[in-house]
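A.B. asks: Could you build all of it, start to finish, from the sequences and the hints given here?
Residue numbers (the numbering used here), protein chains in the order written: chain F, 14 to 460; chain C, 16 to 263.
For the record, the hints were derived by calculation from the structure and aren't laboratory data.
Hints may contain errors.
Subject to a maximum C-alpha distance of 27 Å in a straight line, what follows is the list of computed DSS-like cross-link-like pairs (lysine-lysine) [to be verified]:
hint: 1; chain 1: C; residue 1: K159; chain 2: C; residue 2: K215
hint: 2; chain 1: C; residue 1: K224; chain 2: F; residue 2: K409
hint: 3; chain 1: F; residue 1: K380; chain 2: F; residue 2: K126
hint: 4; chain 1: C; residue 1: K202; chain 2: C; residue 2: K94
hint: 5; chain 1: C; residue 1: K94; chain 2: F; residue 2: K409
hint: 6; chain 1: C; residue 1: K202; chain 2: C; residue 2: K224
Far from chain F, some chain C residues (derived; all Cβ distances over 10 Å) [to be verified]:
hint: 7; residue: V71
hint: 8; residue: V80
hint: 9; residue: K84
hint: 10; residue: P180
hint: 11; residue: E190
hint: 12; residue: H199
hint: 13; residue: I262
All of these numbers come straight from a predicted model, not from anything done at the bench.
Note that CB positions come from ideal geometry on N, CA and C, so glycine has one too.
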Amino acid sequence: MAVTTTTLRWRVMAASVALRVALVAYGEWQDAHLEVRYTDVDYLVFSDAAASVAAGGSPFARATYRYSPLLAFLLLPNSLLHPAWGKLIFSAADLLVGLFIDTILRLRGVPEKTRIWSVVAWLFNPFTFTIGTRGNCEPIVCAAVLWVLICLMKGRVLQAAFWYGLIVHFRIYPIIYAVPFVIVLGKNYAGPAGPAGRPILTQWSSKQQLQSDKTSENVEEPTSLLASLWIFLSSLVTRNTILFGLFSGSMFFAWTGVFFYLYGWDFLNEALLYHLTRTDPRHNFSIYFYHIYLHHQQGFSSIQKLASFLPQLIVQLALILRFSRDLPFCLFLQTVAFVAFNKVMTAQYFVWFFCLLPLILPWTRMKLRWKGLACMLVWMGSQLHWLMWAYLLEFKGRNVFVQLWVAGLVFLAANTFVMIMVIRHHNYSQLFLMSVKSGSKVAAKKE
Amino acid sequence: MPCSRTYVADAYLDALTGQLAQHRDLTEVPETADLCKGLDDDLDVPVLSEVHRQLVGEGSHRRLVYSVKFGNCEDDAVKFLDGYAANLVIIEKLPSGVFADPFELQHFVERKVFLDVAVFGDTNLELPSALSNRSAVEIHFDFKPSTTMDCNLVVELPLHARYPPLDSSGYATVEFGSPDLLLHYRKKDTHPDSCIWVSKNLDAEPVDKAVWRVPCGNGAHAGFVSSLTFISALVCSMSVVLAASLIS
Chain F
14 MAVTTTTLRW RVMAASVALR VALVAYGEWQ DAHLEVRYTD VDYLVFSDAA
64 ASVAAGGSPF ARATYRYSPL LAFLLLPNSL LHPAWGKLIF SAADLLVGLF
114 IDTILRLRGV PEKTRIWSVV AWLFNPFTFT IGTRGNCEPI VCAAVLWVLI
164 CLMKGRVLQA AFWYGLIVHF RIYPIIYAVP FVIVLGKNYA GPAGPAGRPI
214 LTQWSSKQQL QSDKTSENVE EPTSLLASLW IFLSSLVTRN TILFGLFSGS
264 MFFAWTGVFF YLYGWDFLNE ALLYHLTRTD PRHNFSIYFY HIYLHHQQGF
314 SSIQKLASFL PQLIVQLALI LRFSRDLPFC LFLQTVAFVA FNKVMTAQYF
364 VWFFCLLPLI LPWTRMKLRW KGLACMLVWM GSQLHWLMWA YLLEFKGRNV
414 FVQLWVAGLV FLAANTFVMI MVIRHHNYSQ LFLMSVKSGS KVAAKKE
Chain C
16 MPCSRTYVAD AYLDALTGQL AQHRDLTEVP ETADLCKGLD DDLDVPVLSE
66 VHRQLVGEGS HRRLVYSVKF GNCEDDAVKF LDGYAANLVI IEKLPSGVFA
116 DPFELQHFVE RKVFLDVAVF GDTNLELPSA LSNRSAVEIH FDFKPSTTMD
166 CNLVVELPLH ARYPPLDSSG YATVEFGSPD LLLHYRKKDT HPDSCIWVSK
216 NLDAEPVDKA VWRVPCGNGA HAGFVSSLTF ISALVCSMSV VLAASLIS
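C.D. replies: Have a look at this one:
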């Protein structure tokens with residue numbers, strides 16, 4: 014049996030590598046021979062920016078380059094070696110995500126066969142294998158986020174902080190994970206060995222125990238809301254949380270500082286401030302696009318800005334407060350919600366949560382038939398519905414703004430439906446085992 | 016024409032946008048009027064007989080297709096091209112609401128569809144019409160013997176529509192003005208690195224009007240769209256919060 018699953022594992026990896034190499038090669042052919050390119054427009058932007066750096070200039074000389082200069086440095090071989098270098102790097106990161114998913118699930122005692130299916134959910138997801146091969150850099154971000162998770166699971170707090178600070182500098186959105194990271198690094202993070210000890214991970218079990226982990230959370234009954242708030246906040250002030258917060262913050266400001274010194278306000282405006290203040294009136298999946306277009310000539314009031322931020326804030330806080338100890342689950346839901354409630358939403362953002370989905374699959378009670386399929390069909394169907402109206406607007410020139418906006422509302426409803434289904438069918442399982450005193454059960458590891 | 020004026024459209028910029036030209040840095044060449052002496056004497060430069068321009072395609076991404084015919088091309092053009100290298104230069108001053116993507120056009124140069132191309136003015140690819148300025152495109156197209164055998168040059172310029180200002184009719188109308196057509200030519204034995212070309216305005220007659228209808232938002236929708244957007248977001252977020260709170 015062990016030989017069979019090992020062989021299957023190697024076949025999955027080999028097939029994934031072959032698929033990506035074939036797609037990169039095909040992409041080069043399509044770009045050279047067909048009118049419509051396979052390569053993403055963003056890849057051309059990265060390559061031009063890298064060429065500008067290679068010539069001694071700034072990456073921001075290239076219009077619409079809105080990334081850290083690190084990406085341009087990474088793609089320098091595009092002009093020195095081969096234009097497909099970047100795509101190979103992104104595809105390699107994509108494969109690394111598969112490896113990290115396997116590592117995380119193995120650390121939690123998930124049996125090999127279940128792990129393979131979870132990894133397949135990433136490696137053969139059409140959204141994901143096209144992203145890297147078309148030249149999108151998101152797989153690098155996904156790999157870094159998973160690496161931070163692995164470091165936390167292995168007790169390497171400083172290493173986690175290093176990569177976390179770096180990846181927030183690179184892409185900003187992982188900042189939403191800051192609070193759950195701090196919460197899990199709190200009082201109960203380290204094992205019995207003490208604050209510097211390696212944390213103990215809750216293991217997967219085929220007998221999914223729903224109640225056990227939750228009831229172990231509160232040892233003492235709080236006398237008041239204020240008291241429980243005080244207990245909660247004081248549990249967050251530990252050596253690990255302070256180290257993590259200070260070091261990751263320092264990393265972020267150090268990288269930002271270095272590039273501000275090198276490239277000035279161009280860097281700050283394009284790579285940082287643009288993403289924080291971006292309001293794009295052009296059509297995209299977000300429900301806010303038409304509202305933004307209808308107000309683009311007169312601007313927005315403070316109330317409107319707050320109103321568009323409030324639902325995002327509410328749902329992020331609720332998810333963090335409720336699920337942060339089941340860290341992969343919390344990160345997954347937060348990312349889905351962040352993308353769904355954001356003011357701009359494009360298809361490349363989907364990989365941000367697709368890389369976290371395999372981490373929660375072994376803990377779901379939802380079977381593929383039929384609830385799982387229903388979620389997939391609802392989500393993809395509402396997306397296709399939106400794409401149909403977008404095609405009529407952009408490529409047929411028909412005024413279907415209202416229909417397209419409604420399709421965006423339908424897509425938000427679909428995302429909400431999927432989130433609720435996932436929540437209702439998830440077996441909550443804290444990532445880090447609480448201390449023995451709290452009486453939590455450790456599920457027996459089963460092959 | 017000296018190198019510093021390789022792009023003719025530099026001269027249009029103040030009229031268009033008041034912005035600085037985006038052109039390559041080239042070394043100044045002293046006036047060489049003497050070199051031009053005698054260039055026009057007894058020279059049968061091809062004469063424009065017909066120019067057609069059509070906006071082709073649907074939606075927000077279309078092409079302006081120019082069809083340029085020269086008179087007596089079988090004899091005069093062939094004789095002319097025996098001794099001279101020539102480029103057709105088209106300058107299209109784009110109306111507000113339409114833009115050309117300089118990176119896309121550069122790809123055309125790499126594929127040798129155009130000899131050269133430049134975009135002047137507002138080259139921002141993302142801003143809506145109300146927040147952007149006008150631009151102009153200058154295309155240099157090789158006047159080759161093989162194309163003039165048919166006496167008909169066809170040039171396609173890809174263009175994209177910006178999001179127009181709001182209008183209750185639901186559509187904005189963008190009208191193109193007439194393009195300028197010039198012929199750049201010089202003797203074939205001129206050193207290839209020389210920047211001296213003779214520029215002749217082809218005096219193109221006003222072409223057929225090109226009109227682009229672009230869908231636009233309706234300001235009357237602002238109230239209900241904004242309200243329903245915020246309410247939907249709130250309802251969905253509270254649904255997720257409720258689901259998270261209710262599981263035991």
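A.B. asks: Now, for every hint given, state plainly whether the structure supports it.
C.D. replies: Hints and how they fare:
no., hint, result
1, C:K159 / C:K215, "holds, 17 Å"
2, C:K224 / F:K409, "holds, 21 Å"
3, F:K380 / F:K126, "holds, 16 Å"
4, C:K202 / C:K94, "holds, 12 Å"
5, C:K94 / F:K409, "violated, 46 Å"
6, C:K202 / C:K224, "violated, 36 Å"
7, V71, "holds, 13 Å"
8, V80, "holds, 15 Å"
9, K84, "holds, 27 Å"
10, P180, "violated, 6 Å"
11, E190, "holds, 16 Å"
12, H199, "holds, 28 Å"
13, I262, "violated, 6 Å"
Hints 5, 6, 10 and 13, counting from the list given before, are not met by this structure.
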